[in-house]
Structure formats: structure tokens, C-alpha cells
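**Q** Kindly produce the complete structure, drawing on both the sequences and the hints.
So the mapping is simple: my numbering equals the position in the sequence shown, first residue as 1, plus 2.
Hints were generated in silico from the structure; no laboratory data involved. Fair warning: this is a prediction, and the values are worked out from it, not measured in the lab.
Think about it this way: if two alpha-carbon atoms lie no more than 20 Å apart in a straight line, the pair counts; the simulated EDC-like pairs of lysine to aspartate or glutamate are:
hint, residue 1, residue 2
1, LYS34, GLU64
2, LYS51, ASP72
3, LYS59, ASP33
4, LYS40, ASP66
5, LYS51, GLU71
6, LYS34, GLU71
7, LYS59, ASP72
8, LYS34, ASP72
9, LYS34, ASP66
10, LYS59, GLU46
11, LYS59, GLU71
12, LYS51, ASP66
13, LYS40, GLU64
14, LYS40, ASP72
15, LYS40, GLU71
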Amino acid sequence: MLVIFLLVILVIIVLSCVVRENFTGMPSHDDKLRLVNKALARAELFNPKHGRYLTAKSHIAEIDNVIYEDFRNLARGGNFNQQSLLNALRI
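**A** Below you can see the structure in the form of C-alpha cells.
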């Protein structure tokens, strides 16, 4: 009986860790880094004169309009580099 109880507790602990890790609503550092690298590879999408949100969205599925505008403002200011883009993703 004690063994079953301990197994149930162990399963609950493991499941709670998995749920907390996968459903926080916040992207992981690796997710942010992947997004930044995609943005850097397609920097022309954020050109203030020629870039369009829907075009960027078609190339980078993870981007939303707020991130797009933040990245576009960084490109306009000449700060379109990895560290600046990562800082823009901080909440």
C-alpha cells in the first residue's frame, strides 16, 4: 500500500513539472534565440520602408505584430543585432 502511495506521489510530481515547463505561456530562452536568429537571417523583412508585418509573418510564423514593431524600431535605430533583439523579447 505504501509503495502505491509513493508511486502516485511520484507521478503527480513528475506531471506537475512537465505541465509547468510546457504551459507557462512564456517562450524559453532557446525559443527566443531561435526567433532572433530567424529575424537576423531575414533582416530585410524589418526594413522600415519596405517591410510588412504579413510578409514577416509568412516567413517567421512565431512573430506577432508587437514583436514585429519592436524589431522594426530597432532596425530603424540601427540596433538590429542579437543582443538588442533578445532584450526586446524580455517581458
